[in-house]
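Novice: So the chains spell out like this:
Number of protein chains: 2
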Amino acid sequence: MNKPFNIVGIDGGGTKTLGVLWDEKGNEVKRVEHGFANFSVDILQTKINIEKTIDDLVKDLKGEIYIVMGISGVSNLRNQDEYIKVLNSKYKALTIIETDGLLALYSVVRDSDNPVIMIIGGTGSIVYSLKEGQTNRLGGYGHLLGDEGSAYHLVISAFKTVINNFEANNKLDEFSKELLKLLNVDEVEDLKKLVYGVSKSEVAKHAVHVSALALKGNKKAIKLLENEGINLANQIFNAYKKMKTSEIVKVALRGGFVNKAPFVKEALIKKLENKKMNFEIDQTNLEPIMGAYYLGNKLKGSKKYGRY
Amino acid sequence: MNKPFNIVGIDGGGTKTLGVLWDEKGNEVKRVEHGFANFSVDILQTKINIEKTIDDLVKDLKGEIYIVMGISGVSNLRNQDEYIKVLNSKYKALTIIETDGLLALYSVVRDSDNPVIMIIGGTGSIVYSLKEGQTNRLGGYGHLLGDEGSAYHLVISAFKTVINNFEANNKLDEFSKELLKLLNVDEVEDLKKLVYGVSKSEVAKHAVHVSALALKGNKKAIKLLENEGINLANQIFNAYKKMKTSEIVKVALRGGFVNKAPFVKEALIKKLENKKMNFEIDQTNLEPIMGAYYLGNKLKGSKKYGRY
Chain A
5 MNKPFNIVGI DGGGTKTLGV LWDEKGNEVK RVEHGFANFS VDILQTKINI EKTIDDLVKD
65 LKGEIYIVMG ISGVSNLRNQ DEYIKVLNSK YKALTIIETD GLLALYSVVR DSDNPVIMII
125 GGTGSIVYSL KEGQTNRLGG YGHLLGDEGS AYHLVISAFK TVINNFEANN KLDEFSKELL
185 KLLNVDEVED LKKLVYGVSK SEVAKHAVHV SALALKGNKK AIKLLENEGI NLANQIFNAY
245 KKMKTSEIVK VALRGGFVNK APFVKEALIK KLENKKMNFE IDQTNLEPIM GAYYLGNKLK
305 GSKKYGRY
Chain B
5 MNKPFNIVGI DGGGTKTLGV LWDEKGNEVK RVEHGFANFS VDILQTKINI EKTIDDLVKD
65 LKGEIYIVMG ISGVSNLRNQ DEYIKVLNSK YKALTIIETD GLLALYSVVR DSDNPVIMII
125 GGTGSIVYSL KEGQTNRLGG YGHLLGDEGS AYHLVISAFK TVINNFEANN KLDEFSKELL
185 KLLNVDEVED LKKLVYGVSK SEVAKHAVHV SALALKGNKK AIKLLENEGI NLANQIFNAY
245 KKMKTSEIVK VALRGGFVNK APFVKEALIK KLENKKMNFE IDQTNLEPIM GAYYLGNKLK
305 GSKKYGRY
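Here the protein sequences line up with chains A and B, keeping their order. Once you know that position 130 of the first sequence is 134 in this note's numbering, the rest is easy, because the numbers rise by one and skip nothing. Once you know that position 82 of the second sequence is 86 in this note's numbering, the rest is easy, because the numbers rise by one and skip nothing.
Just to be clear, a hint being listed does not mean it is correct.
Since the list gives no way to pick out one identical chain from another, each pair is judged satisfied if it fits inside one copy or across any two copies.
Distance condition first, Cα-Cα at most 25 Å in a straight line; then the derived SDA-like pairs of lysine to any residue [what the hints assert, rightly or not]: (1) 275 x 173; (2) 245 x 176; (3) 20 x 291; (4) 197 x 44; (5) 246 x 219; (6) 56 x 141; (7) 197 x 102; (8) 196 x 245; (9) 196 x 82; (10) 248 x 191; (11) 227 x 165.
These aren't lab readings, by the way, just hints derived from the structure by calculation.
Build the full structure now, drawing on both the sequences and the hints.
Specialist: Next comes the structure, spelled out in structure tokens:
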């Protein structure tokens with residue numbers, strides 16, 4: 005008889021570290037949250053928060069332990085192997101560390117081993133793909149060089165639309181007037197205050213006002229939102245071409261913007277259909293941390309430590 | 005007989021404060037330079053550098069003194085009137101403070117009082133116009149919302165061109181390969197290092213590499229540079245429409261980018277000609293500080309303190 009085994013999943017991002025413990029049947033046994041985990045922000049504090057989370061989960065645990073972590077900014081952690089050894093020895097476990105994006109990628113439910121394309125359209129945007137265990141990233145160039153198809157990109161595009169309209173005509177059209185009103189500013193000049201010296205996520209929050217105008221039927225607002233959907237579709241299609249696959253591809257849409265802003269998802273799907281891409285939208289929308297359970301099982305099954 | 009009078013001109017910007025003293029015949033008597041003057045950066049140090057500059061110029065001076073200053077970020081100086089009183093009393097002078105942009109605008113030589121449009125295309129971009137003593141500003145929304153027609157905007161456009169080419173085709177075209185080589189980076193991913201966490205002017209410096217490729221005949225590089233010229237022309241034309249003038253407009257091109265980068269100025273002029281704008285390029289290209297001399301004379305002539 006096999007020894008019982010446990011999977012510890014850790015999903016670490018800019019705001020929190022989520023930890024989940026599963027038993028070998030896949031039942032969620034425990035769930036905890038601690039502060040942020042992002043190796044680009046603070047390596048020491050990230051390690052502290054990760055270990056606090058694991059501590060809470062592995063107390064009094066019997067049997068084998070597999071720890072699967074997806075942590076933001078993991079490429080900034082030098083000596084990854086050493087840190088893995090520290091964790092393995094501290095918790096008597098087998099540990100792997102990946103990016104939080106990869107965790108999310110493995111949470112996409114597939115029949116057999118379909119290729120997967122996952123797009124995250126939130127404050128920023130990024131595309132991951134997975135085919136036969138090979139992962140790839142597209143985009144992720146940040147707000148100065150990319151982020152097309154994100155809430156931040158929408159807001160900047162909307163503000164530029166207002167500015168261009170004003171500079172060319174010396175007066176405001178309906179869209180611009182309504183948007184300034186919702187933003188609670190008097191003049192086009194004031195848009196600068198909403199963009200400079202504030203965080204990227206502060207800027208991105210104004211996306212709700214464009215959505216509100218679109219839902220009221222404003223054509224410019226609708227067009228701006230549809231454009232972001234088309235931007236995302238183009239990125240997905242680039243990832244699709246790279247995969248060179250004839251199989252049906254599972255497309256997973258993640259992130260608050262692509263899922264909540266009106267017109268974005270619809271424009272995205274229409275564009276992909278026009279491009280005759282062979283795809284299917286992932287409707288399950290499991291939590292990203294479920295990817296840790298999937299990877300943990302693969303790790304266990306492979307009977308070897310390292311790449312699964 | 006009138007008392008002799010002297011004009012002190014101060015042109016303060018991010019890198020230095022230039023001061024020039026003219027006698028009443030317009031002869032340059034003295035010229036000095038001190039550290040930066042920018043009220044958006046450091047109000048106290050800016051005041052210190054301004055006063056050091058004036059001190060050097062007014063030593064042993066006889067007769068009336070008119071001080072005309074054009075200082076960056078002057079809108080951030082609260083209590084302007086108080087500071088003017090301080091200077092007037094310290095130097096027994098009549099002082100006015102304007103932006104450095106306005107100083108430059110008044111340095112454009114005109115027959116009679118032609119309207120003027122001045123575009124500054126350097127690291128960033130901005131447009132000023134002057135008609136019958138009325139000045140106007142267009143653009144100046146900064147690098148996140150504008151700066152079209154600047155070195156910074158060119159570099160970001162060039163980097164985006166490389167990224168889009170790479171993401172769509174999974175390989176680099178000639179332009180991208182050559183540009184990465186000149187930038188001394190190995191991969192598209194490395195472009196992020198050249199943009200994030202560095203100053204806007206550091207980013208803008210890479211414009212020389214696009215220029216180098218354009219001069220070697222690379223079509224994409226030429227197109228990128230021409231686009232910036234067209235961007236500037238569109239801004240000039242917006243300013244022109246706003247002026248509602250039938251007179252010939254003096255167009256002054258200022259800033260290192262529009263004057264030194266190849267193809268920009270040519271594309272700009274061609275675009276304005278296509279738009280049938282009634283204009284003439286200012287070829288004199290006087291130093292911006294000459295605007296202080298012009299304004300000083302107007303101030304003297306008007307016999308009143310305040311708006312000239």
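Novice: Enumerate the violated hints, using their earlier numbering and listing them in ascending order.
Specialist: 5 and 6
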